[in-house]
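Hey, can you work out the whole structure from these sequences and the hints?
Protein chains: 2
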Amino acid sequence: MAVDATHDPARRSWVASANGHPDFPIQNLPLGVFSPPGGTPRGGVAIGDMILELGAVAPLLSGEARRAAEAAAGPALNPLLALGAGPRRALRGALSDLLAEGSAQHEAAAPHLHEAEACALHLPARIGDYTDFFAGIHHATNTGRLFRPDNPLLPNYKYVPVAYHGRASSVRPSGTGVRRPRGQRKPPSDPAPSFGPSRNLDYEMELGIWIGPGNALGEPIPIGEAAQHVAGFCLLNDWSARDIQGWEYQPLGPFLAKNFCTSISPWIVTSEALAPFRIPQPQRPEGDPAPMDYLMDATDQAEGGLDIALEVLLLTPGMREKGMRPHRLSLGNARHLYWTVAQMVAHHTVGGCNLMPGDLFGSGTVSTPGPDGFGSLLEITEGGRRPVALPSGEERRFLEDGDEVIFRARAEREGFAPIGFGECRGTVLPAQS
Amino acid sequence: MAVDATHDPARRSWVASANGHPDFPIQNLPLGVFSPPGGTPRGGVAIGDMILELGAVAPLLSGEARRAAEAAAGPALNPLLALGAGPRRALRGALSDLLAEGSAQHEAAAPHLHEAEACALHLPARIGDYTDFFAGIHHATNTGRLFRPDNPLLPNYKYVPVAYHGRASSVRPSGTGVRRPRGQRKPPSDPAPSFGPSRNLDYEMELGIWIGPGNALGEPIPIGEAAQHVAGFCLLNDWSARDIQGWEYQPLGPFLAKNFCTSISPWIVTSEALAPFRIPQPQRPEGDPAPMDYLMDATDQAEGGLDIALEVLLLTPGMREKGMRPHRLSLGNARHLYWTVAQMVAHHTVGGCNLMPGDLFGSGTVSTPGPDGFGSLLEITEGGRRPVALPSGEERRFLEDGDEVIFRARAEREGFAPIGFGECRGTVLPAQS
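In order, the protein sequences belong to chains A and B.
For the first sequence, my numbering gives the first residue as 55, with consecutive numbering after it.
For the second sequence, my numbering gives the first residue as 55, with consecutive numbering after it.
Hints are not guaranteed to be accurate.
Unchecked claim - Computed from the model, here is a short list of chain B residues facing chain A with C-beta under 10 Å:
1) Phe188
2) Thr230
3) Lys240
4) Leu271
5) Pro274
6) Ala295
7) Glu302
8) Lys312
9) Phe314
10) Asp347
11) Cys407
12) Leu444
13) Phe470
As the list claims (entries may be wrong) - A few chain A residues that don't get close to chain B, going by computed Cβ distances all over 10 Å:
14) Pro63
15) Gln282
16) Pro423
Because the hints were derived from the structure by calculation, they are not lab data.
All C-beta atoms in this analysis are idealised placements derived from N, C-alpha and C, irrespective of residue type, glycine included.
Below, the structure written as structure tokens:
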């Protein structure tokens, strides 16, 4: 993907808080939906500590960029996502110019900035379908090992970008409380299942992927065109009730263990913003099968990987009481995914399944080869057997009521301005009594 | 559920074709979305060979019925489904009166009838999420036996109404062609998977369930209230590529094997229309566990079953050439489901997952204890080992290109007018070359 003037690290914004902002400098320009105080939801772009309203500045733009900004005026960005990469790229270029120091339109744009802290952030699009992949090979190995010590990875893993359909209705933006689910659980040692609140509530650190134009039913997206259908990325917490999952998941996969809530960070960090942080897809270990033809593309192999650091933090009630800061549980990186996003798109559609603008993918839990970047408590605590010690003196096997899980992500590369994703937060609420 | 004047078998309609109609007599009044020739999609009710346009007759109605008809004026019935059972029942009563012989409004309503054959039928609602259950215990046993001869049913089956999330974007109305999917397949005897068109394409005969108002995230629907959230029923063909499924489904469930298309019959046969055909939930065999408390309700046990005959027919190119009629492959009945629809709703929401108006459930494949009513070719042919002989001299292990699968359903009970569902048809198109 092309790197252009919008990525120039020397470019500064007349929005002062953007310069040096850890997440939203002028080189990022992520898209979202917000409500200003007392106002209705509308599309915006994050710039430093502010949000610029897209519909309101559309008249300052022209051509494709204007059309894209108009498509982002409503309460969901689906119309913008449907336009595809061209108009989205034009919008990025125009917004970068508009917000850059020295812009002639500084005065005209400034009234359409809102303080982010005073705004409510919503889901950026109406999610038609949500699909969760399983592309984190170290996570798949770690969790498989808990069940099958000698043969952790199933035989299909290195051929099939394994995925399942998730629940779209319960995807929520960062900050929404997550009620501990009740359900049937049966530890292997119990003769019969019991019903009650999940005892093994966990998070899963995933990359979320927003789908752009999509395809008609019966018309697969070839892998060479797949990147054009990826609008951008977010952080995704695939909250998981391990005890419910263990009992229910055979033979048709996870259901109630996951569908009670999925949290996402509210900003779509566009594919264009991430262009400088593309890396070659890591070479497969000796002995692994080559991807099948429909999953193989030279460009994708050369730049389908993503160098994005992924951080998980935990803030417990005990830490909050003591005034402590969130504790880092792991620091991983999206480069460890076994399948590229283009491979996910090509696989999802190869049988004819249609993707729609605003569909959401989860990458699957991203874990590193070593324990510093394990993306779930299940892995960190080895299924709850080795509790993690917290600086407050507490320990955790799984999440307790009041625990807040915080995801952050950051892309950095020599010669470019680092960009971030904003946060994906969620606090565990007690189960319904 | 109450049986009232709308079910009176003596009631006749001034729409002559309705009287004695196999599917749509005045006692049925199913809801759908249609386009008249040259017109846009809008809500309607089937009456004999005609469709009455709901928005157009709203001014002839009053109160709740009028509000319901107005909610059905648009291109999707979600606003009507959101209103719930009260307004839907009022609409049914008012339409029954409007269409009955001797109605004073006969003249005013007649101009709003359209010949069904000239109209296009659409999905009746925008499907937010589609969930497929596995409540056909004989199907679960039959298919389980193919993999585990000694232990066909998994230990969770009689405790958990097992389900998985399906793909909403690829649900299509009856009559849409079904392109044979391509994908990865690996027969157990092959050392590695290969890629190509599915060789084991199958249908699955299911009951579809349309969800009415639904619930907020985190607020389960108690089983005693579940029936109020079921707007009605349709027929559902969960097309399945068995060879793709066998290779991909572990550990997260079916994905490409099912998401290439799901066909449904276009009419919502309402819960009210089916009230006379409610039966007690069949008693569980001696030794089966009792349903857990959250799945147990006396009213549901007394009338949660459904006596609906389910027929599968096949029309092959060879039969078509010879001018033969479709051949019946099976005749089953919805009474053989192990879980009631109310149990499905209560289970789906017990962990907090929210249902939305227009969500769709599949019941899971309905099979009888004996082979006459097996709901898939996988069961009829024992995994393809015993081909089924057709009257054309052809035989089938699985579906071939050009085969048309036709589902029909019929509810009959002494003292009531029989009603039907209309058809769910789909013809297999060759795989993309």
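Cut-off 10 Å, beta-carbon criterion: hint that Pro274(B) touches chain A: holds, 7 Å
Identify whether the interface hint at Asp347(B) stands, where standing means a beta carbon of chain A within less than 10 Å of its own. Holds, about 7 Å.
Go through the hint on Lys312(B) and say holds or violated, using the shortest Cβ distance to chain A against 10 Å. holds, 9 Å
Non-interface claim for Pro63(A): all C-beta distances to chain B beyond 10 Å? holds, 40 Å
Supplied contact hint for Phe470(B), tested at 10 Å Cβ to chain A: Phe470(B) check fails; min Cβ-Cβ to chain A is 36 Å, beyond 10 Å.
Hint check: is the beta carbon of Phe188(B) less than 10 Å from a beta carbon of chain A? holds, 6 Å
Restraint check, 10 Å cut-off on beta carbons, for Leu444(B) near chain A: violated, 27 Å
Would you settle whether the hint for Cys407(B) is holds or violated, based on the nearest Cβ-Cβ distance to chain A being less than 10 Å? holds, 4 Å
Thr230(B) as chain A interface residue, shortest Cβ-Cβ below 10 Å: Because about 8 Å separates Thr230(B) from the closest Cβ in chain A, which is inside the 10 Å limit, the hint holds.
Does Gln282(A) really sit off the interface, with its C-beta more than 10 Å from all C-beta atoms of chain B? Correct as stated: the minimum Cβ-Cβ distance to chain B is 19 Å, above 10 Å.
Would you assess whether Pro423(A), listed as outside the interface, keeps its beta-carbon beyond 10 Å of every beta-carbon in chain B? holds, 21 Å
Next item in the hint list is Ala295(B). Is there a CB on chain A closer than 10 Å to its CB? Ala295(B) check passes; min Cβ-Cβ to chain A is 7 Å, inside 10 Å.
Hint compliance for this structure: hints 12 and 13 are broken, all remaining hints hold.
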